[in-house]
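Trainee: Listed below, chain by chain, are the residues.
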Amino acid sequence: MNKKPSFFESAASHVVLVLAVSFALYPVLWVVALAFSGTQTPSPRVIPVPEAPTLAHLSAVVGATRKVDGVDIWLFGRQLANSLVVSLATALVGVLIAIPTAYALARFRFAGKESGVRALLATQMFPAVASAIPLYMILNYLGLLNSRTGLVVCYASTSVPFSIFQLRAAFEAIPVDLEEAAMVDGATRFSAFVRVVLPAARPAIAVTALFAFMGAYNEFILAATLLDKEEMFTLPVMLQRFIGEYDAQWEKFAAGALVVSLPVMALFYVAQRHLVAGLTAGGVKG
Amino acid sequence: MASVTVTALKKKFGQTEVLKGVDVRVPEGHFAVLVGPSGCGKSTLLRLLAGLEEADTGKIELGDRDVTRLEPRDRNIAMVFQSYALYPHLTVRENLAFGLKLRKTDAAEIEKQVKRASDMLGLGALLDRLPKQLSGGQRQRVAMGRAIVRKADLYLYDEPLSNLDAALRAQVRVDIRKLHDELGATSVYVTHDQVEAMTLADVIFVLNKGQVEQSGAPLEIFDKPATKFVAAFLGSPAMNFVDGALERAESAWVFRAHDLVVPVDEATFAGGLEPGRKVTLGVRPHEVEVAEGGEETTKFVVTVVEALGPETYAHGEIAGAPFIARVDARRSIKKGETLPLVFRSIHLFDAATGTSLRAR
Ligand SMILES: Nc1ncnc2c1ncn2[C@@H]1O[C@H](COP(=O)(O)OP(=O)(O)OP(=O)(O)O)[C@@H](O)[C@H]1O
Ligand SMILES: [Mg+2]
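Keeping their order, the protein sequence lines are chains X and S.
Under my numbering, think of the first position of the first sequence as 1, with each following residue one higher.
Under my numbering, think of the first position of the second sequence as 287, with each following residue one higher.
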């Protein structure tokens, strides 16, 4: 398997890869072209490039402000903060709940375990939208509409089951011997968990947190249902508002889409190492 | 360090009774080996000693401490796992130091103990590597190091060599014995490899179906197996068995199976000799010799010859039972040849219960 590929093999694989990448990037190129074009409706072309390049749309989206209670606030900054805070909190809360649950499911036998797992699995069958109306009513009752907290509660409740399944698999892949060795070495069950299991599961935990973050960051329908004040919007809701019923501001939508993607791209870049390790988490060796 | 005393220890998993009242006593500083076939409860006994499983009934004492209901961390025991169980995210140095850190040993002392252990095991060059960067043999040594770095009352080993290849296993076996002679630590070692058991042990416990079938010094057990099971388990190639019955011929006792007649020494088996008693004759391959000058016990037709170099094994049949005889490697024997054999030493077991007829 370590044989160097021949020239032909190498060339062929490059051709295939270039084709695949262009196929994936082509729509993105259109978005880029749209975002930086100065003309009203750019004409369709085979190779999308901006016409009369301008940063106007970008600065219009990013620089958006709005008067709230007589004070000018930086609307975009507020919405970005909403998105980041809600997504981070969702990931954090979700992982914090999922870790102990998944560990218990992976290691202990207790009454109701099987039916509990089945119930968790059942919740995964319904799309989150199905619960939009009850969630709206509950949050309304709790006074959490139009709040970051309310959104975090909803998002975490949908991301936790999936996180649990992911982490349970990760914990099951870690040999019990490791914990037992730690306990013989002088650890309590809890410190064996903290000092040995958690570090060994770190890649899986990172991936799980990233998934939860992404889920929350991209979520639109619940956010659009539960938020109606512009300064409480998350970025997906903000984006959608550029495409009104009468005039669709595609250039702004495109510029906004690019800006919105940046944090995710940055996050993936940073988490790359964990991601690769996490996707091969089964390879944890004793 | 301390002695180990296990009394009437029982353990069930659900309905299966895995240990049915085990008694084990290992004097301080001794190296005990638990042997037995797969599934006989060796690992379970070791895990009970470590505190990783809880005993149903019975008692485990370390020195004068009753540890039966203590948590693993309160027993002061070190253990080498079959899988090595090295902490994957820690370097070799951190793996060794892990237990000492948990016990709040001060940094200078940790440094000193890690150095001592790594010198003993030749781990010096590997201290900053992660477990995944080590070969199987190196991992095994790190696992050993993690145990000996601590001053434990008892050291437990669960088949620590089973993941090594044969050559390495033979070498590490010697290293472990050397290490024990140096440290003099009370140890309990589990294996199903009878060579490991014979070479490492001060005292062997042969486990069968959740009970200690026989215990004692290796050679004592080897020479005087108390049951057919123990006789069959220790020794390679295994002891030969022929079913037959006892008879009194004129003034002497004999074992007879078809045309095979073997004289039985009355003093050795006093008390067990009854005419017509159904017994199994046991003869180890090395307890037979090619007869010179008419003293032969039986004739033996060689069907397969295994020449191993230092010795040669001749396979054939005696009284309808398969039989292996060790013959001098310098004597050239051929397939189909008939050898006159004489038995130098024999064992007799009750055919029904398998217990030895040897007088105690
Ligand atoms: N946690 C458990 N739950 C149920 N049964 C178990 C458990 N652990 C062991 N057993 C059973 O107990 C018996 C003894 O197991 P044990 O691991 O002690 O055998 P062993 O002598 O170490 O065998 P080997 O040489 O194959 O390692 C086996 O029949 C096994 O199936
Ligand atoms: Mg075992």
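Wrong hints could be hidden among the right ones.
To be verified - DSS-like mimics (lysine-lysine), calculated; alpha carbons at most 27 Å apart, straight line:
hint: 1; chain 1: S; residue 1: K401; chain 2: S; residue 2: K418
hint: 2; chain 1: S; residue 1: K345; chain 2: S; residue 2: K401
hint: 3; chain 1: X; residue 1: K4; chain 2: S; residue 2: K510
hint: 4; chain 1: S; residue 1: K495; chain 2: S; residue 2: K345
hint: 5; chain 1: S; residue 1: K306; chain 2: S; residue 2: K437
hint: 6; chain 1: S; residue 1: K298; chain 2: X; residue 2: K113
If you're looking for bench data, these hints aren't it; they were derived computationally from the structure.
Trainee: All the hints need checking, so say for each whether the structure fits it.
Mentor: Results of checking the hints against the structure:
1. S:K401 to S:K418: Between S:K401 and S:K418 the Cα gap is close to 21 Å, so the pair holds against 27 Å.
2. S:K345 to S:K401: Roughly 37 Å between the alpha carbons, so the hint for S:K345 and S:K401 is violated.
3. X:K4 to S:K510: violated, 63 Å
4. S:K495 to S:K345: Roughly 20 Å separates the two Cα atoms, so the pair holds.
5. S:K306 to S:K437: This hinted pair is violated, its Cα atoms lying about 32 Å apart.
6. S:K298 to X:K113: Distance of about 23 Å is within 27 Å: holds.
In the structure shown, a violation is registered for the earlier hints numbered 2, 3 and 5, in ascending order.
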